[in-house]
Amino acid sequence: MPQVLTANRLSDGEVVYLAADGAWVEDLDAASTLVTKADGEAALATGAEAEQNQQVVQAYLFDVVDALAPLRPIKKREIIRAAGPTVRTDLGKQARV
Amino acid sequence: MYRYDEFDQKLVDERVEQFRGQVARRLSGELTEDQFKPLRLMNGLYLQLHAYMLRVAIPYGTLSSRQLRMLAHIARKYDKGYGHFTTRQNIQYNWPKLADIPDVLADLAMVEMHAIQTSGNCIRNVTSDHFAGASADEVDDPRVWSEIIRQWSTFHPEFSFLPRKFKIAVTAAPKDRAAIKVHDIGIVIRRDASSTLGFDVYVGGGQGRTPFVGHLIGESIAAGDLLAYLEATMRVYNQYGRRDNLYKSRIKILVHQIGADEMRRQVGVEFAEIKSHGALALPQAEIDRIQAYFAAPAFEKLSDETALLASRKKQSKAFAAWHDTNVAKHKVAGYAIATISLKPIGGVPGDASADQMDIVADLAERLSFDEIRVSHEQNLVLAHVRQRDLFDVWQKLDEAGLATANYGLISDIIACPGLDYCDLANARSINVAQAVSKRFADLDRQRNIGELKLKISGCINACGHHHVGHIGVLGVDKKGVEYYQITLGGSGDETASIGDIIGPAFAENEVADAVETLVDTYLGLRQQGERFLDTYRRLGIQPFREKLYAAH
Amino acid sequence: MPLIKNNEFVDSPFKHMADGEALPEGSIIVSLKRWQAERDALMSRNAPLGVRLTADQSPDALGADIHHFALIELEFPKFRDGRGYSWARLLRQRLAYKGEIRAVGDVLRDQWLFMSRCGIDAFEVHPGTRLEDFRAALSEQTVFYQPASDRVRNVLELRHQVRSRSERTLVAAE
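Residue numbers (the working numbering), protein chains in the order written: chain A, 54 to 150; chain B, 34 to 585; chain C, 32 to 205.
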């Protein structure tokens, strides 16, 4: 199952995802899908480095159904995290145009 | 209410500067996240699912209008226009930025507020009775003692790295509205035959993974010895509480393992030693000083407005419903205690918008001696409203969506933020609260059911206090799907009990049906005057279990 | 590891001795276990003696011999482990220990003031620690609500202008 690396941005807590070019993006669909175990480990190393550089905190990998857009996390927690609170659809990422 | 003197103010101002320095060192990398985390936790700053979360302390749930307006201002300026009132009488903001927090804390300090020790392994906000100072059944204002304990516990150098968090609650009435028996330390203030105050100290209550009702460890402790007794208890816990297992590190586990008698003995030894040094003896001058802040407001000499209220209730059925449910008797003639429901049908329990906060602040300033209370049941209270002003208050609340006439009824649900917000959650809780609330929207039906405390937690940490719900709901994760375990017969009052698990868990879309079946079972079995809890206690779980699992 | 005492970096003459190691002349620190096993030999030495207590070891274990120790080290294995704060207070208050209490282990900036208030007077700090940071950390808070095991006047005393009972005890014991 492919994975995505996520973290929270240190300065404002925004949920971010690691993109293919090494940037941290706010939109799950712009995230890089990590297919092999080696990809995952490399991403974790990038995450650790970004933590060292005060960019992000708490970087970790989570599973997505497949690499096809739109990316669908397996865990409910990550689905909610990628969108915003289900009880306030006017808040969070889901509310951005 | 308490007002800071120069010392209180300096303490929070210094803390703001200290945290400003800590944030700067974090952002520059001088502090790693691992080093910064306990520091930010001690200032109430969590990292949650979507963002940081700041928990601001509302000591024993008491606020002035000026303070509530500042909370509204913070919601607008630094957050997304709302706040969430919690089961520990605090307020939470769900979207602040780390870089803004020092400014938020500086704004709070301007109105004598802070976020100190609202998280972390330290002594947390001391909670108390939301009817304090207004209810006829209290023997003293428990907030006096809550304030004394708050000060003693703030930046306590010995107890800032405890095995786990520590929660203290204080009540001074036979009817316990502060759930003291499910706190790490719960204090009941009584008076003896000669009217002298005595403090009963219960230790080892708590919810979470292994819920317990507290044991009476210290009986009738004298006022001057209260802090010495608490220090003794904390010292035993700090030394011998478990640190090897996160789930066994609360004081309740220690009491359970060594037994209440041994706990009492060990605390007694420390207590005697601390007393012999005398440093913690509470001077009468300080007790008097703090009591003065909680002196009764300048109540007018009034009579009960029986005729006026009857007339108003005839005019407006909605007002009548609200008066019957949300207004409680005040100890002074002509006054009343009004509960402001933050549980609109289908709404998010405990949430209030900045505009709503301002409206409540205005009402409090004008019509309730400038005081607002936050209850651990996630409602607000105006404790000193003249009966003749109740209609006016109700109208303003109604315009603002704050007049749901459901205090203590089934739709007055306590729910933690759950998986919609919280990093620790296994399941969502708010959606379940909304479904149940909508199912029972009909107010006449709710009133017929009567008092029914429904409490929902999204994980075993039990921030929704489900263990002490008459009906408790615990969200769990079963192979990636949200399921809900139901418990019955819990209570947080002076008859404290932990709810019993009824059976296999329910899917999200089954919970409202399940609750309805339980309610119908009660209605079919109840005797005259029995609440849900009473019928359950009389009959036990069997009839409920049978009906519930026959139907589902 | 750098050692701070009295707001200065100081050298420590004490050598840490492992449990089986042969003992040299001079000041040494041993584990509680070793002291319990070799008490008589250690007590008869002609040089200052120190003992290192782990976080789960109460100073009560030193019994009536406590005043023989010039130094007691309290270990903080992880900064989150706060048992040492109570051990320090126990040492100063109940046991009236007058020697050096040294915090060792994961001893970080934001614990120094709390440690100092509990009666710890020496700090084994992480390499790279700057003295000005130590001094700054100890003065970041000047208002103290509760009595502890230090000499600061707490708020109750200041409010009501009462001489600290703990201060009186400390003075009387000297």
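Please note that the accuracy of each hint is not assured.
Said to hold, decoys possible - Computed cross-link-like contacts, EDC-like style, restricted to lysine to aspartate or glutamate with a CA-CA straight-line distance of at most 16 Å:
hint, chain 1, residue 1, chain 2, residue 2
1, B, K130, A, D65
2, B, K43, B, D140
3, B, K130, A, E131
4, C, K36, C, D112
5, B, K512, A, E131
6, B, K113, A, D143
7, B, K281, C, D137
8, A, K129, B, D258
9, B, K308, B, D258
10, B, K70, C, D141
11, A, K128, B, D456
12, B, K70, C, D152
13, B, K110, A, D65
Calculated directly from the structure, the hints in this document are not laboratory data.
To see whether the hints hold, each was checked on the structure:
| no. | hint | verdict |
| --- | --- | --- |
| 1 | B/K130 with A/D65 | 4 Å, holds |
| 2 | B/K43 with B/D140 | 14 Å, holds |
| 3 | B/K130 with A/E131 | 21 Å, violated |
| 4 | C/K36 with C/D112 | 22 Å, violated |
| 5 | B/K512 with A/E131 | 15 Å, holds |
| 6 | B/K113 with A/D143 | 10 Å, holds |
| 7 | B/K281 with C/D137 | 23 Å, violated |
| 8 | A/K129 with B/D258 | 51 Å, violated |
| 9 | B/K308 with B/D258 | 7 Å, holds |
| 10 | B/K70 with C/D141 | 12 Å, holds |
| 11 | A/K128 with B/D456 | 13 Å, holds |
| 12 | B/K70 with C/D152 | 26 Å, violated |
| 13 | B/K110 with A/D65 | 14 Å, holds |
Figure legend: structure checked against the earlier numbered hints; hints not met, in rising order: 3, 4, 7, 8 and 12.
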